[in-house]
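Sequences listed follow chains S and R, in order.
Under my numbering, think of the first position of the first sequence as 1, with each following residue one higher.
Under my numbering, think of the first position of the second sequence as 1001, with each following residue one higher.
The hints are simulated quantities; they were obtained by calculation from the structure and are not laboratory data.
Any given hint could be a false lead.
To be verified - Restricting the straight-line Cα-Cα distance to at most 20 Å, the calculated cross-link-like pairs of lysine-lysine (PhoX-like) are:
{"id": "1", "chain 1": "R", "residue 1": "Lys1268", "chain 2": "S", "residue 2": "Lys298"}
{"id": "2", "chain 1": "R", "residue 1": "Lys1162", "chain 2": "S", "residue 2": "Lys222"}
{"id": "3", "chain 1": "S", "residue 1": "Lys120", "chain 2": "S", "residue 2": "Lys30"}
Remember, it's a predicted structure, so these values are computed and weren't measured experimentally.
Letter by letter, the chains look like this.
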Amino acid sequence: MAEDNKPAPAAGGSRANTKKELPEHFKAYKHVWVAVEIEHGQVHSVSFELLGEGRKLADKRGVELAAVVMGDDRASLDAAAAACFEYGADCVYVAQDPALKHYRNETSTKVLTDIVNTYKPEILLLGATNLGRDLAGSVATTLQTGLTADCTELAIDDEGSLAATRPTFGGSLLCTIFTLNFRPQMATVRPRVLAMPEREEGRTGKIVEFDPKLVEDDVITKVLDFIADRDTDKANLPYADIVVAGGLGLGSVENFQLVKELAEVLGAEYGGSRPLVQKGWITSDRQIGQTGKTIRPKLYIAAGISGAIQHRVGVEGADLIVAINTDPNAPIFEFAHLGIVADAVTLLPALTDAFAARLRVNRLAS
Amino acid sequence: MHVVVCIKQVPDSAQIRVHPVTNTIMRQGVPTIINPYDLFALEEALRLKDKFGATVTVLTMGPPTAAESLRKALTFGADRAVLLTDRYFAGSDTLATSFALSMALKKVAEEFGKPEIIFTGKQTIDGDTAQVGPGIAKRLDYNQLTYIARIVETDLQAGTIKVERRAEGGLQVLESKLPVLITMLEASNEMRRGSIENALIAARAEVVTWNAAAVGIEDLTKCGLRGSPTIVKKVFAPTARTDKAEIVEVDGKADARAAALVEAIFAKAPSVEHELLEQAAHHYV
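Could you build all of it, start to finish, from the sequences and the hints given here?
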């Protein structure tokens, strides 16, 4: 009981049909905002992806698109603001304070909430990263407004409201969620669910400075250290050009090695479906799907993966999906572009050899 | 020391079926489990029991049948189970859920002592929002520590806690003051087994059961569907793509079939072929 976004068709339907007028004090809320994620001076790509989508929503509403950047270092804030303009923002709110050097829930929640209460956006978008989800949950609770997590599609409906679509029940169904009587309407989207927008070099806009008025001594949580990941085997699935993945159809953890071998020949990242994480064949940072990583590679090869909807929503952004499965009726053939009915365990080594041979032959010919 | 673990009883997602015609979830016969992420939270709480003799209270909000999950938690070694249940909570979104749970936690603090730490899993497997933990922290004014990979040190004397938090590209080492709300990352520990002794205790244990009135909720418009700012307007199955996969149909040995598949891939993605060849050339030069 009581999970967010639970489809309650009868009850939800009746409420939806009795939409009240937006309370008077919310009518001043205008414009679409993206809370930009900056860590170690770098803007996370998901923020640009959100600006791309936010631009469309703002145009549909006939309002401005704004970004909020928070940090301590002037140079990286200026660089972030400039990038936001080039990715479509009309306005950037800049909050600079020594206490914003590292992300902390306390400081970022306070500053973002204050900026929202001062400038009143109608829509506020964040990346569904660890940082974004940590921040969004606190801000939405402070503002007492609706927040829809992990959206796969954002749109403006006929009445001008944000229609946020997300998978529900482990991805077996989709639902569209509205926040009709509260502002801002908040949503998070995972990295790579939305396409990266075109960057318009030299595009600029308006900068609004916001004084965070933070006092470090008042902040309870202190950042003592940052232990950077040294693991060279660390997956970067969301931004990989080629991804090879395996599923339960491989039969054993030993056979999963075949996926890694093909990935190596292609210079690709490898991953797997959710059951493999549960079986301990792969670590959770290599899980592909709604509850794992969303990928948008140029080429995705799925070996022995049946293609449950929760997997599908994580890979649909791939340019070319190639499926290898023994079952011609597997759901993966419904959304793959290219398929072969074969046992992945015998086909994968042959495929690795075929790619290696093909790449070698052409190199000699050229 | 008193710690509370908020758990949720969820349908075993592997067994959910959708009715093909009505697009509704077929709940009948679907077994329920403790949300797997919550087990990492429970284990971490039990370690504090081992180390400091902490009392561990498990709390859930759900239908009366959620008592099963609470009893399961008792078999692992939790000391006390509290069930928050009321038909007014039906249809709660995350904001309404964190309101109801925060009221129950205030009541827990009154009755059994204020918890130094409230634990939750990082998210549930059915809602997948990761919003209820932060919501509770905000409402109770607890410092919020999410995605915790490891508790490095708890200093009860000084009232401080040091943790490693999963962030982009590494682990943030944070120090905060108790009380805190912690959401535990998966694989952060290994769940112990329940003991037969605990199972016998759990079977007889009283599950403290409270409704909205019992936890002091007077304004029922803050609960359930009415207390939820988000509105689910439409539930639907994803549309099937009309163009199914082009099937590479070549008979023969794996070698021949693999070669045909490579050609088909490169025919559809010439840019990938081009880039791979460039990489290969670069690699071998």
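Outcome of the hint check:
1. Distance hint between lysine 1268 of chain R and lysine 298 of chain S is fulfilled; the C-alpha atoms sit about 11 Å from each other, no more than 20 Å.
2. At roughly 9 Å between alpha-carbon atoms, lysine 1162 of chain R and lysine 222 of chain S fall within 20 Å of each other, so this suggested pair holds.
3. Between lysine 120 of chain S and lysine 30 of chain S the CA atoms are separated by roughly 6 Å; this keeps the pair inside 20 Å, and the hint holds.
Figure legend: structure checked against the earlier numbered hints; every hint is met.
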